[in-house]
Each structure stands twice: as C-alpha cells, then as structure tokens.
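Trainee: Could you put the whole structure together from the sequences, leaning on the hints where they help?
Chains as they are written, first to last, in my numbering: chain A, 1 to 79; chain B, 1 to 137.
Keep in mind that the hints were calculated from the coordinates and are not lab data. Note that this is a predicted model, so its numbers are computed, not measured. Take the hints with a grain of salt, since some may be wrong.
Some, not all, of what chain B presents toward chain A, calculated at C-beta under 10 Å [stated by the list, open to error]:
#1 M1
#2 F3
#3 S7
#4 R73
#5 E74
#6 D106
#7 V137
C-beta: ideal position from N, C-alpha, C; glycine also.
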Amino acid sequence: MSGTIVSNRIRQLRFEKGEITQQALGERIGVTRQTVNAIELGKYSPSLEVAFRIAEVFGVPLEQVFQYNPVRSPSKKPS
Amino acid sequence: MSFREKSAWITLIAILLVFALYGLHAPRLSDPGPFELHALLACFAAFLAIEAIAWLVLRLRYPEDARTPKDERERLIDLRATRIAARCYVVLSFLAIVIAIHLTNDNIAVGYYIVLAFVIAEIVNYGARIIYYRRGV
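Mentor: Here is the structure:
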C-alpha cells in the first residue's frame with residue numbers, strides 16, 4: 001500500500017506576509033489557531049475549501065501553498 | 001492546547017475518577033446481589049457535577065475559545081472518536097451479555113457489565129479524541 005504526503009509552505013508564507021500569526025490566519029480562514037498549527041506541522045490535511053482560503057489570504061495559487069508528494073512503495077518501479 | 005482538548009481531558013479524568021471510586025464500592029461482578037441503582041445514579045450525578053463545574057471554570061478562563069464554534073478538524077476528531085467508541089460499545093456489550101450469562105446467569109450482572117461496557121467505551125471515546133488532538137488526524 002502506498003501513502004501520500006501533502007507538504008505546505010504556510011510557515012514561510014506567513015513570514016513573507018509580515019509574520020501574520022497563526023491566530024490571525026485562523027480567524028481569516030475560519031479555523032482555530034491549533035488547527036492552523038496542525039496544518040503547518042503536517043498533522044492535518046485541510047479540506048479543499050480551507051486550502052483555497054489559505055491560498056487566497058496569501059494571494060498565491062493553491063499549488064504554491066500545498067505540494068502533493070505521492071510516496072511510491074519500493075517494490076514498484078516507475079514505467 | 002485547544003479549548004476542546006482541555007474539555008476532553010476534563011471529561012476523561014472525571015470519568016476515570018468517578019468510576020474508579022464506584023469500582024471500589026461496586027459489588028463483585030461474579031455475584032452482584034441486588035442492583036444498587038442509587039450508587040449508579042450518585043456516580044452519574046457526581047460525574048455531571050464535576051463536568052459542569054470544570055466546564056464553567058474553563059469557560060470563565062477562556063471565554064473567547066469557548067464561544068468559537070468547532071472547526072472542520074475538531075468535527076472530524078469528534079466523528080472519528082465517536083465511531084471508535086460506538087464500535088467498542090457494541091463489541092463490549094455483546095461480550096458483557098455472553099460473559100455475564102456464562103459466569104452468573106443473572107440479569108443484574110448483565111446490567112452491571114453493560115454499564116461497565118458503556119464506561120469503557122466513553123473512556124475510549126475521550127482517549128481517542130486526546131490522541132487525535134495531540135498526534136494529528
């Protein structure tokens with residue numbers, strides 16, 4: 001069975017946006033500070049709606065915030 | 001720690017505390033004797049009182065967090081923990097009936113075992129919430 005990893009650049013984007021706090025970001029996208037923290041640490045993958053809201057806050061396309069990194073099982077060779 | 005994680009900790013500790021005290025005074029499950037409804041009701045009353053007081057203290061200390069509605073992650077944690085607890089309750093209730101009938105053939109023992117199944121399922125419920133809050137969902 002292969003897993004997937006969704007990584008993100010929220011921490012970096014918050015820094016570039018003038019060090020916007022997790023609390024402020026959470027208020028703008030409608031989630032708690034703890035949920036923003038969980039997303040940043042990769043402990044929670046947000047819904048599409050929240051992901052789009054995050055991208056909207058930073059004014060960047062979705063793929064600049066989230067990156068989808070499929071993990072292939074070692075036995076499978078790419079064709 | 002989020003407001004709802006704190007609430008989950010309080011509920012878990014309240015359940016463990018109240019039912020540990022109940023366990024000390026509970027009749028032997030293999031030979032329960034008459035059903036002590038008053039002891040069970042006193043336990044539930046004590047649990048509700050602890051919950052109400054702790055919730056009030058939390059609400060006064062963190063008024064903003066208490067007013068914030070659950071977000072999608074907290075709702076997902078609720079759903080997953082409740083699903084695990086529900087399955088746990090079904091399995092334990094079935095086991096409770098089978099074990100009580102084989103062990104005692106006593107309706108009162110069945111009642112005690114089912115209460116025990118309910119308490120364990122609730123411990124699993126709040127334990128799962130805390131794990132999801134801390135380790136991710």
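Trainee: Run through the hints listed earlier and report the numbers of any the structure violates, in increasing order.
Mentor: 3, 6
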